[in-house]
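Add chain B to chain A, keeping to what the hints say.
From first to last, the protein sequence lines stand for chains A and B. 1 is the number of the first residue of the first sequence in our numbering; add one for each residue after it. 1 is the number of the first residue of the second sequence in our numbering; add one for each residue after it.
Fair warning: there could be bad hints in the mix.
Copies of one chain are not kept apart here, so a pair can be met inside one copy or by any two copies together.
Said to hold, decoys possible - Listed next, the in silico EDC-like pairs over lysine to aspartate or glutamate satisfying Cα-Cα at most 20 Å (straight line):
hint : residue 1 : residue 2
1    : Lys-136   : Asp-209
2    : Lys-26    : Glu-183
3    : Lys-45    : Glu-298
4    : Lys-213   : Asp-84
5    : Lys-26    : Glu-298
6    : Lys-136   : Asp-212
7    : Lys-26    : Asp-93
8    : Lys-45    : Glu-4
9    : Lys-136   : Glu-34
10   : Lys-45    : Asp-233
11   : Lys-256   : Asp-212
12   : Lys-5     : Asp-214
Everything labelled a hint here was simulated from the structure, so no lab data went into it. Nothing here was measured: the structure is a model prediction, and the numbers come from that model.
Number of protein chains: 2
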Amino acid sequence: MEIEKYIAERASAVNKALPLHISRLKDAQPRLAEAMTYSLAAGGKRLRPVLMGAAYEIFGGKASDILPAACALEMVHTYSLVHDDLPAMDDDDLRRGRPTSHKVYGEALAILAGDALLTDAFTVLLTSRYPARVTKPALVKAASVLSSRAGAKGMVSGQAADLQAEGYLDGRLTPARRRSGLELLSYIHLHKTADLITAAVEMGAALADAPDKDFRALSSFGREIGLCFQVADDILDVVGDKKKLGKSGSDARNRKLTFASLLGVDEARLKAAELLSRALSRLSAVNGRAVPKRALAEIAGFVLRREN
Amino acid sequence: MEIEKYIAERASAVNKALPLHISRLKDAQPRLAEAMTYSLAAGGKRLRPVLMGAAYEIFGGKASDILPAACALEMVHTYSLVHDDLPAMDDDDLRRGRPTSHKVYGEALAILAGDALLTDAFTVLLTSRYPARVTKPALVKAASVLSSRAGAKGMVSGQAADLQAEGYLDGRLTPARRRSGLELLSYIHLHKTADLITAAVEMGAALADAPDKDFRALSSFGREIGLCFQVADDILDVVGDKKKLGKSGSDARNRKLTFASLLGVDEARLKAAELLSRALSRLSAVNGRAVPKRALAEIAGFVLRREN
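This is chain A alone, in the form it adopts within the complex:
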């Protein structure tokens, strides 16, 4: 499991850097800073930062050059989980086996901690030190990618569509409803999950000032593995051991739309394999160093295989 070791090592650098960025937010209200740190410390594979680092390395730099940008993206991902778990949203009590932010800090502070994680992701991205090879125009492009992929063109619209999909499976599943369900679900997956995975590789490429053609190829790669990641998550939600995953299985409880519930587990698996294959073909079109390209390919494969 070489790739797992690779991911774990790179994730560890992110885990060390994240709390430092929060402690540098001088004059922050102590309880707010604590709530931000609590959710950042909840762990996870740090897949997005790892993807960003590998994408950046394709063009010659070292992932450590852009560690603050990788932390910024993880802060945005973490904010999205905090808000997603809120009582008004998915109303989840557990996240990665620990009580969710609003369970520990109350709803108001959880909303604010999410707001601050999102806002200060831009502070961390834009005010940190980088080597000279990371230029100001590259920084502007990376920040534009982050806000576009995370905002109303991207992730937040995925969340909004997800709300709309609640209870979709309560009615009888006619062929027409299955079709429109698949359409809605594709929109949700594309935006709720794939957009931030896409942002990871796009930000890596932007910070490396990659040629447009390679930026676009990596962008497509990100989109396909993001969708693959979400389909795998859907499957896991049906067949996985809830305890192992550390979630309380609210998707099933709310009878939410998933690929597994609409198409069945077998067809969802086929869909995931197809997405992976498309992703790898996009990746092969990128010009650059072979080792980080192979790492990206292996991460993609790992995402599909993962059981936890």
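Coordinates of chain B only, in the frame set by chain A:
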């Protein structure tokens, strides 16, 4: 009332531009885009964008050069109102005489609309067209100011402290509790209100690539008028006609800490006048064009006099 006309004219340009920025967010979930537009259209004096334009003009440009940046700041201000009104926060039903976002769209979508307004403020700031005089390094600095002033070093911590202050006046107001109440209140005002007003003039100066000395003087000016604005608001909350203001007076209902409730209205008025005078002395130290400097001074005076 020349200055009121000045503010109204400049605000009108912002009012025209804001919905266009939302409509440019392609692929946004329709109901989400509607909720964003609803809150942006609620009006207000657009004081922050107007301040930004005037600060920018001190250094030779035209406010219209940086209209997207002014819109971005107003989007951040609007998000803060949407989240502040939520049931878990101030639980307000009315804002500027209209039902609050969560009353119209439900709590979940109101949270998401706030999230998207905040995120896409950076999209609007960073991906819009500017004249060549607005450089990429200036844009990075402006975006850094925005995220720092709005995040956990700034506005969000003001909100978090505000939560903490709830019910402060329920106990007996001993001299010691009055003192610590004033301290807490100063922290709240500085961050909850003054930080975003400060961001307005700092962003104007940053986008104009103003000398450091002038940036700092304008920053202090922003801080003082921001505090002045909030003290005036506190007074208004006690003496003002609730209906005229279009708020339901929840501050009084929750017995929140205000300068007026801690010091009485007369002393609060003195405090506001003192802040204005300090602000004007900071402003006079800035090197640049006289007309926009005078506009900033008059806006500050107007803020103190305002009744609505």
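Hints and how they fare:
1. Lys-136 / Asp-209: Both: 11 Å inside a copy, 14 Å across copies.
2. Lys-26 / Glu-183: between (46 Å within a copy, 17 Å between copies)
3. Lys-45 / Glu-298: within (14 Å within a copy, 54 Å between copies)
4. Lys-213 / Asp-84: neither (35 Å within a copy, 43 Å between copies)
5. Lys-26 / Glu-298: This pair counts as neither: shortest intra-copy Cα distance 40 Å, inter-copy 33 Å.
6. Lys-136 / Asp-212: The answer is both: 17 Å in one copy and 19 Å across copies each meet 20 Å.
7. Lys-26 / Asp-93: Close neither inside one copy (31 Å) nor across copies (34 Å); limit 20 Å.
8. Lys-45 / Glu-4: within (10 Å within a copy, 54 Å between copies)
9. Lys-136 / Glu-34: neither (32 Å within a copy, 34 Å between copies)
10. Lys-45 / Asp-233: within (14 Å within a copy, 47 Å between copies)
11. Lys-256 / Asp-212: neither (38 Å within a copy, 54 Å between copies)
12. Lys-5 / Asp-214: Neither: 27 Å inside a copy, 51 Å across copies.
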